[in-house]
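S.K.: Chain by chain, the residues run as shown.
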Amino acid sequence: MTAHPLNFDRRVAAGLGDEGLQKSLSALKGSFVAARGRAVLALPEFEALRDDGKAIKDHTLANLDAYLETYEAAVIARGGHVHWARDAAEARDIVRAICKQAGARTVTKGKSMVSEEIELNAALEADGLEVVETDAGEYILQLGREMPSHIVMPTVHKTTEQIADLFQKHHAAHGFPDRTLDAAELIGQVRSVLRGKYFKADVGITGANFLVAETGSNIIVTNEGNGDLTSTLARVHIVTTGIEKVVPTLEDLSVMLRLLARSALGSEITSYTTLSTGPRRPGDLDGPEAYHVVLIDNGRANMLSGHFREMLRCIRCGACMNHCPVYMSVGGHAYGSVYPGPMGAVLTPMISGHEAAGELPHACTLNGRCQSVCPVKIPLPDLLRRLRHEQWEQKLVSGTVRFGISAWAWLALRPRLYRATTSLAMRVLGRLGRSKGAFRWLPLASGWTDGRDLPAPEGLTFSELWARRQQR
Amino acid sequence: MTVQTVNAIAAGAPKAPANPRVALFVTCLVDLIRPNIGFAAVKLLEDAGCRVEAPRAQVCCGQPAYNSGDFASARRIAQQVITTFAGFDYVVGPSGSCMATIRKDYPALFEDDAAWRDKANELAGRSFELISFLTDVLHVTPATSAMNATATYHDSCSGLRSLGIKQQPRDLLSNVTGLKLVEMQDSDVCCGFGGTFCVKYPEISVKMVSDKTANVDATGASVLLGGDLGCLLNMAGRLKRLGKTTRVYHAAEVLAGMANGPAIGEAEDRP
Numbered sequence: 000m001t002a003h004p005l006n007f008d009r010r011v012a013a014g015l016g017d018e019g020l021q022k023s024l025s026a027l028k029g030s031f032v033a034a035r036g037r038a039v040l041a042l043p044e045f046e047a048l049r050d051d052g053k054a055i056k057d058h059t060l061a062n063l064d065a066y067l068e069t070y071e072a073a074v075i076a077r078g079g080h081v082h083w084a085r086d087a088a089e090a091r092d093i094v095r096a097i098c099k100q101a102g103a104r105t106v107t108k109g110k111s112m113v114s115e116e117i118e119l120n121a122a123l124e125a126d127g128l129e130v131v132e133t134d135a136g137e138y139i140l141q142l143g144r145e146m147p148s149h150i151v152m153p154t155v156h157k158t159t160e161q162i163a164d165l166f167q168k169h170h171a172a173h174g175f176p177d178r179t180l181d182a183a184e185l186i187g188q189v190r191s192v193l194r195g196k197y198f199k200a201d202v203g204i205t206g207a208n209f210l211v212a213e214t215g216s217n218i219i220v221t222n223e224g225n226g227d228l229t230s231t232l233a234r235v236h237i238v239t240t241g242i243e244k245v246v247p248t249l250e251d252l253s254v255m256l257r258l259l260a261r262s263a264l265g266s267e268i269t270s271y272t273t274l275s276t277g278p279r280r281p282g283d284l285d286g287p288e289a290y291h292v293v294l295i296d297n298g299r300a301n302m303l304s305g306h307f308r309e310m311l312r313c314i315r316c317g318a319c320m321n322h323c324p325v326y327m328s329v330g331g332h333a334y335g336s337v338y339p340g341p342m343g344a345v346l347t348p349m350i351s352g353h354e355a356a357g358e359l360p361h362a363c364t365l366n367g368r369c370q371s372v373c374p375v376k377i378p379l380p381d382l383l384r385r386l387r388h389e390q391w392e393q394k395l396v397s398g399t400v401r402f403g404i405s406a407w408a409w410l411a412l413r414p415r416l417y418r419a420t421t422s423l424a425m426r427v428l429g430r431l432g433r434s435k436g437a438f439r440w441l442p443l444a445s446g447w448t449d450g451r452d453l454p455a456p457e458g459l460t461f462s463e464l465w466a467r468r469q470q471r
Numbered sequence: 436m437t438v439q440t441v442n443a444i445a446a447g448a449p450k451a452p453a454n455p456r457v458a459l460f461v462t463c464l465v466d467l468i469r470p471n472i473g474f475a476a477v478k479l480l481e482d483a484g485c486r487v488e489a490p491r492a493q494v495c496c497g498q499p500a501y502n503s504g505d506f507a508s509a510r511r512i513a514q515q516v517i518t519t520f521a522g523f524d525y526v527v528g529p530s531g532s533c534m535a536t537i538r539k540d541y542p543a544l545f546e547d548d549a550a551w552r553d554k555a556n557e558l559a560g561r562s563f564e565l566i567s568f569l570t571d572v573l574h575v576t577p578a579t580s581a582m583n584a585t586a587t588y589h590d591s592c593s594g595l596r597s598l599g600i601k602q603q604p605r606d607l608l609s610n611v612t613g614l615k616l617v618e619m620q621d622s623d624v625c626c627g628f629g630g631t632f633c634v635k636y637p638e639i640s641v642k643m644v645s646d647k648t649a650n651v652d653a654t655g656a657s658v659l660l661g662g663d664l665g666c667l668l669n670m671a672g673r674l675k676r677l678g679k680t681t682r683v684y685h686a687a688e689v690l691a692g693m694a695n696g697p698a699i700g701e702a703e704d705r706p
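For the record, the sequence lines run as chains H and B.
For the first sequence, my numbering assigns the number 471 to the last residue and increments by one with no breaks.
For the second sequence, my numbering assigns the number 706 to the last residue and increments by one with no breaks.
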């Protein structure tokens with residue numbers, strides 16, 4: 000993933016100042032958070048299901064090499080091909096080579112966050128291929144040349160008006176010259192434009208929500224059905240996915256699917272749940288002639304050992320960001336990564352390095368709401384704190400913060416000096432602030448006082464008052 | 436005795452000693468900014484029959500260092516706390532955040548150091564947040580205090596999610612004469628304080644606290660209560676900046692009948 004051109008503060012300011020985004024985020028809060036809450040209430044065993052999901056992923060990750068080999072053997076046995084990519088560049092080259100070998104000119108794509116991660120579209124377009132995103136959200140982003148701002152609802156930052164403008168500009172050539180704000184008409188336009196592309200496509204690329212080791216299947220869940228058309232109508236189906244997506248059995252899959260739709264959308268299941276297992280067999284009515292899976296590491300294997308393995312349980316439901324008050328304040332683009340929100344704040348530094356994503360682990364209050372809704376119980380706050388620790392150890396934390404924390408800790412380890420210093424400071428602040436009760440401004444405290452008053456201290460510290468009480 | 440002992444001791448749960456020796460973990464913010472909360476805690480504990488001491492060498496739990504990634508400093512401060520608070524029956528503090536650090540984070544800090552890990556676990560096992568200590572360990576309901584107001588309660592994140600404090604303050608506050616509790620929308624969503632977060636990312640923090648104070652406002656409550664001074668300072672500061680007259684108190688001040696002075700951020704009454 001390439002680093003974002005704007006720095007974090009500028010991206011945050013842009014998010015906070017974007018009225019359309021703020022409106023969309025409020026709507027998201029009202030709809031998906033409430034829907035998830037209802038879905039969880041309606042399923043008394045949801046907590047037990049979370050434990051099951053966590054256990055399935057933990058077991059798989061502890062034996063990942065074995066399950067990946069089982070999966071690979073199962074794919075090959077059914078006539079498919081498995082490719083292993085160490086990083087994004089290798090993954091892109093593998094997909095490019097398959098497209099070239101197939102003599103492809105048009106490529107359709109189902110929604111795949113991994114393909115965003117490895118920046119696949121740009122590479123294919125550079126080879127002269129026509130690349131068409133078929134998920135309505137991704138299609139809109141492709142027209143607008145934008146990054147997704149949410150892993151499940153990639154266009155959550157866009158208003159209907161903005162989409163209407165975009166379609167008017169691009170769809171006139173397809174016989175839709177008039178601007179419309181009607182959602183059904185907008186979707187109708189997408190369908191009409193894409194219909195021809197599905198049949199024209201030489202290669203269809205999808206991601207995978209899960210891989211099943213025992214059968215060699217990849218699973219995609221969609222509500223639009225675009226993934227099925229992408230994977231079955233093209234001559235060649237390529238799956239781009241991360242190595243952590245594998246689960247052992249179909250039974251394990253059913254647990255994960257029950258968790259995923261409820262956590263992501265608040266629904267019991269998505270409209271389409273599609274298992275693809277190998278290419279078209281003799282006698283099959285449809286399906287691709289060739290079936291390729293590109294298993295991508297890109298930093299994941301490094302997470303297997305050590306403190307960050309738990310992050311590999313992530314099933315990309317987006318519940319963490321839907322429930323994150325920081326994400327809901329600034330929107331996904333502020334994170335400058337295809338993976339925003341709490342899961343993105345952990346994953347992005349793991350994939351792109353601390354230098355590229357240094358601020359992300361810090362821009363969090365560690366309030367823990369993400370962890371409380373995570374379907375596989377990833378301790379996101381602990382992992383974010385652990386990333387801060389790595390940055391502290393590698394001296395990547397800003398000098399001001401480093402000095403401030405170190406100086407304060409030095410004082411805190413000298414209780415007598417601490418008491419003398421703080422009681423003097425509180426006396427002064429108390430005297431200055433008592434008449435009004437709070438400060439509107441204080442030197443060096445603009446971080447606090449730009450947006451809120453600073454309540455004044457009483458003047459005497461508890462420790463002084465307690466000592467007086469003991470003397471009486 | 437000024438407390439009604441509730442016969443709610445769960446079967447099999449260890450019974451608290453009759454007059455336990457309790458160390459008050461004042462917390463650095465209460466010590467420096469609002470000692471009244473500390474004395475309210477002392478009153479509630481003494482009324483419940485505790486012998487309360489406030490060890491003089493106490494400073495802070497070390498959470499700012501821990502959450503900034505400076506685990507080495509956090510460990511040294513944790514060792515200081517473990518030593519200072521050795522030997523008491525219980526350690527009790529008026530903050531879910533600081534007490535969660537002691538209960539949950541100290542053992543994790545020493546995961547590679549068996550000797551200190553044992554000490555950290557031992558301290559964690561007898562350390563409690565004030566309100567949940569009264570309800571869940573001592574099983575007492577404080578003597579009735581009074582406050583004529585409609586109030587809403589903000590759930591601070593660490594207390595809520597690390598220590599499971601949700602119903603306990605509401606139960607105790609429901610006994611306060613004249614106090615009507617109303618729930619705000621998203622009472623369990625972070626107020627944007629987050630320790631150093633609030634000054635490192637002031638724009639995000641102010642947006643979050645603005646969402647929070649809008650929810651407070653929408654209830655029509657004239658009083659906002661909570662169990663963590665950090666969050667209360669943040670919300671009181673924003674309310675005041677917006678020109679609101681909402682009075683903000685720590686729940687312990689109300690329960691102890693010590694909420695008659697100026698609220699957090701409020702000017703002293705002048706005769």
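Among the hints, a few may not be true.
Residues from chain B that face chain H, not an exhaustive set, calculated with beta carbons under 10 Å [what the hints assert, rightly or not]:
1) Phe506
2) Ala550
3) Lys554
4) Asn556
5) Ser591
6) Leu595
7) Lys635
8) Tyr636
9) Leu668
10) Gly692
No lab work stands behind these hints: they were computed from the structure.
Here a beta-carbon is modelled for each residue, glycine too, at the ideal position from N, C-alpha and C.
S.K.: All hints are to be evaluated individually against the structure, with a verdict given for each.
M.R.: To see whether the hints hold, each was checked on the structure:
Because the smallest distance between the Cβ of phenylalanine 506(B) and any Cβ of chain H comes to about 5 Å, under 10 Å, the interface hint for this residue holds. Interface restraint check for alanine 550(B): the shortest CB-CB distance to chain H comes to about 20 Å, outside 10 Å, so the restraint is violated. Taking 10 Å as the C-beta cut-off, the interface hint given for lysine 554(B) is violated, the closest approach to chain H being about 17 Å. This hint is violated: asparagine 556(B) has a C-beta 18 Å from the nearest C-beta of chain H, more than the 10 Å allowed.
The restraint placing serine 591(B) at the interface with chain H holds, with a minimum CB-CB distance near 9 Å, inside the 10 Å limit. Because the beta carbon of leucine 595(B) sits about 8 Å from the nearest beta carbon in chain H, less than 10 Å, this interface hint is met. Contact between lysine 635(B) and chain H, as hinted, is supported at the beta carbon level, the nearest pair being about 7 Å apart and thus within 10 Å. Because the beta carbon of tyrosine 636(B) sits about 6 Å from the nearest beta carbon in chain H, less than 10 Å, this interface hint is met.
The criterion of a C-beta within 10 Å of any C-beta in chain H is met by leucine 668(B), whose closest approach is roughly 5 Å, and the hint holds. Interface hint status for glycine 692(B): violated, as the beta-carbon distance to the closest one in chain H is roughly 18 Å, over 10 Å.
In summary, the structure is inconsistent with hints 2, 3, 4, 10 from the numbered list given earlier, while agreeing with the others.
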